[in-house]
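Asker: Chains B and F, in that order, are what the protein sequence lines are. Under numbering that gives the first Met the number 0, residues 0 to 303 are what the first sequence spells out, in order. Under numbering that gives the first Met the number 0, residues 0 to 331 are what the second sequence spells out, in order.
These are computed hints drawn from the structure, not numbers from a lab. One should not assume that every hint holds.
[As the list claims (entries may be wrong)] Listed below are several chain B residues computed to face chain F (Cβ distance under 10 Å; list not exhaustive): (1) L56; (2) D142; (3) I150; (4) A157; (5) A158; (6) I284.
[What the hints assert, rightly or not] Label-pair distances were calculated between CB atoms; the ranges are: (7) B:L83 with F:G169: 38 to 48 Å; (8) B:P249 with F:V283: 29 to 39 Å; (9) F:L157 with B:L80: 19 to 29 Å.
Since the structure is predicted, the reported quantities are computational estimates derived from the model, not experimental observations. The C-beta atom is built at its ideal place from N, Cα and C for all residues, glycine as well.
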Amino acid sequence: MLNLTTTAPEAAETEVTEDIIVVKQRGMFRQILDRLVRNRSAMIGFVLLLIIVVLCLLAGVIAPDGYNAQDLSAKFEPPSLKHLCGTDNLGRDIFTRILYGGRISLFIGVVSTLFSAGVGIVIGLFAGFYGGRADNVAMRVLDIVMSIPAILLAITIAAALGTGVNSAIIAIGIASIPIFARLTRAPIIQLKNEEYIEAARAISASKLRIMFRHLLPNILSPLIVQITINVALSIMLAAGLSFLGLGVQPPNPEWGAIIVSAKVYIIDHSYMVTMPGIVMALTVIALNLFGDGLRDCLDPRLKI
Amino acid sequence: MVKYIIKRVIYMIPVLLGVAFLISFILYLTPGDPADVILSSQATEAMRDAWRQERGLNDPFWVQYYHFISGIVLHWDWGTSYVNGLSVTDDVMLRFPNTFLLACLTTVIAIVIGILLGVFTAKHQNKWQDTTFSIVGMVGISMPQFWLGMLLLIWFGLNLGWFPIAGFDGPKYWVLPCVALGVQNAAILMRFTRTSVLDCMRQDYVRTARAKGQVESVITWHHIVRNALIPIITTVGSLFGGALGMAMILEQVFSINGLGRLMVEAIAMRNYPVIQASVMLLAVSYSIIFLVLDLLYAAVDPRIKADFKNQDFFGSRGRKLRRLSREEGAHA
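This is chain F alone, in the form it adopts within the complex (with noise of 0.2 Å):
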C-alpha cells in the first residue's frame, strides 16, 4: 500500500509538469500583447519591448517554460502579476479558499443526497416513488447551474430576502451558491447510486444473506449499499472536478471573490502568471482530490488491494477499474 501511495505521488509530477507544460503553451500562442492591454497608450515602442524583456516575453516559449518551472521549483515564486506588480501567490491563495470551500461544500452535500436518493429510489424500483424522483433528477441534471443560481437569486435572495445575494462570508451566504451547483451532481450521483445499488441488489451474496434469515435493513446498508458504493468514490472525484470549474462561473452570479472572477480579470487584462497560476492550483488540488480518492477506493475494496501487490507502473486493474467508472461518471 505504501508503495502503491509513493508510485501515485510520483506519478502526479509528471502530470503537473505536463498541465504547466499545455497551460504556458496555450497561453504562449494567445495573440495580442499584454503590453498593449496593460502599458498606456503614450508608451513608446521601446518602453513596450523594454517592459516584454523584463518578463520575459520575449523569450522562446521553452526559456519562458523553464523560467516558470525552475520559479515554483526552486523558490515558490509563482510569477509576479503584471497589473499590480506583486507575487501572484498572494492573490491567488487570498481567493483560492472561497472557490475551493464552495467546491467542497457543494461535493459533500451532493454527496449526502445524492446516495440516500438513490438507494431510497433503487429499493422502491419502478413504483411512484422511484419515477418522481427519476424526473426530478433529470431536470436537476438538466438546468444549467448558473441560470439556476440566478433564480435562486432571484426568488430567495431579492423577493424573500432570505438569504444574502453577494459575497461569501458565513453559512448563510453559502447557501444559495451551494445549492445552485449542488443539484445537478446530487442528481448525477442519485442516478450512479441507484444504477450501482440495483447492480448489487442481484448479488448472490444479497440472496444469501436473505436465505440466512437477515434483517433487511442490515442486508441494504451493510451487504448492499457498502458494496455499491465503491464504484461512486471514483465519480465523486470527476463530479468534484466539475464543482471546482462551475464554481468559478456561479462567483460571477453570487459575486463570490473567488479564482473564477480573478481568473476572469486576469483573461481581459492578458495577466497570463495570475491565470497560470489559477489554472495550475485549480489542478493541483484536483488531482490532490482524486489521489485521495484512489487510496480511499483502495482500502475500501479488497480486491483492489490485493491487485497492488502484482501491477506494474501504468496498467492496473485498480487504475482501470477507476478509469471506467471515471468514464461512466463522466456521461451520467
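Chain B on its own, in the form it takes in the complex (with noise of 0.2 Å):
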C-alpha cells in the first residue's frame, strides 16, 4: 500500500550548493513516473500501446475509405505492400479494417473494465467499511457470480442482452465485477481501523469522505494494475463472445469479428486469420507488459 503522507528516503534529492544543503521533495506521483520510465517493460509496453492506438485513432487518415470499402478485382490478395495485410473475401483490406475494428476492441476493453471497476470498487468498499452484515450479504452474493466462470457469465448475459457492443460491454463488465470488489475490500477491512481514519472519524468527517478520501487513494495501485490487465482479459474475452456470434457482428470489424469472418477460408488464405491475432495478441502483450512494469513500480516491494 502506498502511503501519501510520508515521504521515503529515496524521494529526498540531496543538492549542495555552496555551504547549504538543499533537501528537494518530490511528490508521489513524480517518483512513481520516474521508476516507470526506468522500468524497461513498463516503457516497451507504453510505446506499443501508444503506437497501436495512435494508428487505430488515425485510421480515417490512414485508410480514408473506410473499412467496408469493397474492391472486388482484388479479393484474396496476401499481404503485400499495397495491403499489408492481405485482402478477405470482398476484396476489403485488412489492414484497414484491424485499424477500424481496434476502436471498437480497445473501446469495449476500456470501458467494460471502468464499468466493472467502478461497480467492483464501490461495492467493495461500502462491504469493506460498513462490514457486518453488509459485508455478509455482498459477499455472498459475489461468491455466486464468482462460482460461474466469468466467460460462462459472459456469454450468458451476452444471449440474454442480444448481439452488438453495448451488450458485449456490459456482458463483459458484469462477468469482472467480482474480482474489483474483492481487490477493494480486502485491504479495506485491515485500513477501516488504522489511526488516520479514527482521527478523520474523530473530525466528524462523513463516511463517503472517510471511504474515497482517505481509504480508496491508499489501496488504489493493486486496483490500478488490475485495471491495466483487465482492459486485455476484456479485449480478449470480446473477441471470444464474437467468435461465438455473440458479440459484436460482422461486418463490424472488432477483432474478433474479423477471424470469426475469416474461419471459413482458413484453408487457403490463412492470413486473413493469422492477421487480426497478431495485432490483437500485440495489444494484450502491450498492456500486460504495461501493468506488470506498473505493479512494480506502485509497489516496489513486490518486485522480487
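Assembling the complex is the task here: the two chains are given apart, and the hints tell you how they should meet.
Answerer: Next up, the structure:
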C-alpha cells in the first residue's frame, strides 16, 4: 500500500550548493513516474500501446475509404506493400479493418473495465467499510457470481442482451465485477482500523468522505494494475464472444469478428486469420507488460 | 477436518441455489419469446399462448424458479428441451464429458509444464533462461486461445496433417485443443510458480538447510517447492474455471461436440432449459473442483489445519488466504 503522507528516503534529492544543503522533495506521483520511465517492460508496453492506439485513432486518415470499401477485383490478395495484411473475400483491405476494429475492441476493453471497476470498487468499499451484515450479503452474492466461470457468465448475459457492442460491454463488465470488489474489500478491512481513519472520524468526516478520500487513495495501486490487465482480458473476452456469434457482429470489424468472418477461408488464406490475431496479441502483450511494470513501480516491495 | 468438509459442502447449497437464481433471472429478463423461434410462423396467438402455458413461461418469475428447483430436487428433472421435447439431462450429459475432459486435460498439462518451468526460471533468476521463458510466457498469456487454436489447426491439422482437425474421439484428437487451451494456463502458472518459489527461497528455513549442508536438489524440491506449491493450489482452481469456459469457445474451432456447441445452439433457439442445465452443471463441477482443492490446500498446509479448530462459519484464515491467492491468480 502506498502511504501518501510520508516521503520515502529515496524521494529526497540532495543538492549541494556552496555550503547550504537543499533537500528537494518530490511528490509521490513524480516518484512513480520516474520509476515507470526507468522500467523497461513498462516502457516497451507503453510505446507499443501508444503506437496501436494512435494508429487506430488515425484510421480515418490512413484509410479514408472506410472499413467496408470493397474492391472485388482484388479479392484474397496475400499481404503485400499495397495491402499490408492482404484483402478478404470481398476485396476489403484487412489492415484497414484491423485499424477500425481496434477502435471497437479497445473501446469495449476500456469501457467495460471502467464499468466493472466502478461498480466493483464501490461494492468493495461499502462492504469492507460497513462490515457486518452488508459485508456478508455482498460477499455471498459475489461467491455466487464467482462460482460461474467469467466467460460462461459473459456468454449467458450476452445471450440475454442480444448482440452488439453495448451488450458485449455490459456482459464483460458484469463478469469482472467480483475481482474488483474483492480486491478493494480485502485491504479496506485492514485499513479501516488505522489511526488516520480514527482521526478522520474524530473530526466528524462523513462516511463517504472517509471511504473515498481517505481509504480509496491508499488502496489504489493494486486496483490500477488490475484495471490495466483487465482491459487486456476484456478485449480477449469480447473477441471470444464475437467468435461465438454473441458479441459484435460482422461486418463490424471488431477483432474477434474479423477472425470469425475469416474462419471459412482458413484453408487457402490463413493470413486472414493470422493478421488480426497478431495485432490483438500485440495489444494484449502491451497492456500486460505495462501492467507488470506498473505493479513493480507502484509497489516496489512486491518486486522480486 | 470432517466438520470443515461438512461445512463446506453445506455452504455449496445456498451458493448453487443462488447460481440457479441468477441464471433463471437472466433468462427471465431476456427479451424475445421462445415460442416465436420454435413454433412455425403459421402458429396462431392462441397456440403460442398454449405452448408458453404448457412450459410455465407465463408464470411469474418466482413460480418458474420454484418449479426449476423443485424439479431438480424432487425428481432430478432438469427440464425438457423446447426443441426436441426430450429431457435436457440426456442432451447435456451426452456432451458434458467432452467439455470436462478437455478442461481437465488442459489443467493437468498446464500444472505439470507451468510448475516445472516456474521452478526452472526461479532457479535461474535473471539469467538468460529466465528472460527467455519470461518472454515466451508473456506471449503465451497474450494469445487469444481460439486464435491459437485456429493457427494450430492450420499448421498441424491442415498443412502438416499430423492431427485430426475435428472431433474429440481419442488421444490424437485431444492434442491440438489441449495445446491451444493449455498454453495460456501454463504461462500463468509458470509466472505464479516463479514468484512463489522466489518468495520461498528467501525464507529462513532454506538458509538453515543450506547451513547444515543439505544437498541442493533436496533443498529445491523438498524445502522450497513443496512450500511454494501451497498458494498455487488455489490458482489451479480458478484456472480450471477459465479452462471450462474457454473450452466452450474452442469447441467451435475444433468441432467438438461439447457443452459449448450445445449452448450456442440453445442460445440461438432460445432453448432456456438447455442453457440453464448447462450453466448449472458447469457451475456445480467448478464448485466441486474448488472444494476439492480447498480441502487439499488444508491438507497440505498444517498452519491452515490448525486454524480450523477455532474458525467461524464464514471467515476463517484459510478462506481468506484462498481468496487472496485466487485473486492473484485471476490477475496473474
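Asker: Per the CB criterion, is L56 (chain B) less than 10 Å away from chain F?
Answerer: 22 Å, violated
Asker: Regarding L157 (chain F) and L80 (chain B), is the given constraint of 19 to 29 Å on their beta-carbon distance met?
Answerer: The hint (19 to 29 Å, Cβ to Cβ) holds, given that L157 (chain F) and L80 (chain B) are roughly 28 Å apart.
Asker: Can I150 (chain B) be said to touch chain F, with a Cβ gap under 10 Å?
Answerer: Check passed: Cβ of I150 (chain B) comes within 3 Å of chain F, closer than 10 Å.
Asker: Can you let me know if the beta-carbon spacing of P249 (chain B) and V283 (chain F) is within 29 to 39 Å?
Answerer: For P249 (chain B) and V283 (chain F) the Cβ distance comes to about 35 Å; the hint holds.
Asker: Does the Cβ distance between L83 (chain B) and G169 (chain F) fall inside 38 to 48 Å?
Answerer: 41 Å, holds
Asker: Using the nearest Cβ pair, does A157 (chain B) come within less than 10 Å of chain F?
Answerer: 9 Å, holds
Asker: Is the interface hint satisfied for A158 (chain B)? The criterion is a beta-carbon contact with chain F at less than 10 Å.
Answerer: 4 Å, holds
Asker: So, as I understand it, the hint says D142 (chain B) touches chain F; can you test that by seeing if any CB pair is closer than 10 Å?
Answerer: This interface hint holds because 6 Å falls under the 10 Å limit.
Asker: Against chain F, is I284 (chain B) within 10 Å by beta-carbon distance?
Answerer: Constraint on I284 (chain B) satisfied, holds at 4 Å.
In summary, the one numbered hint that this structure violates is 1.
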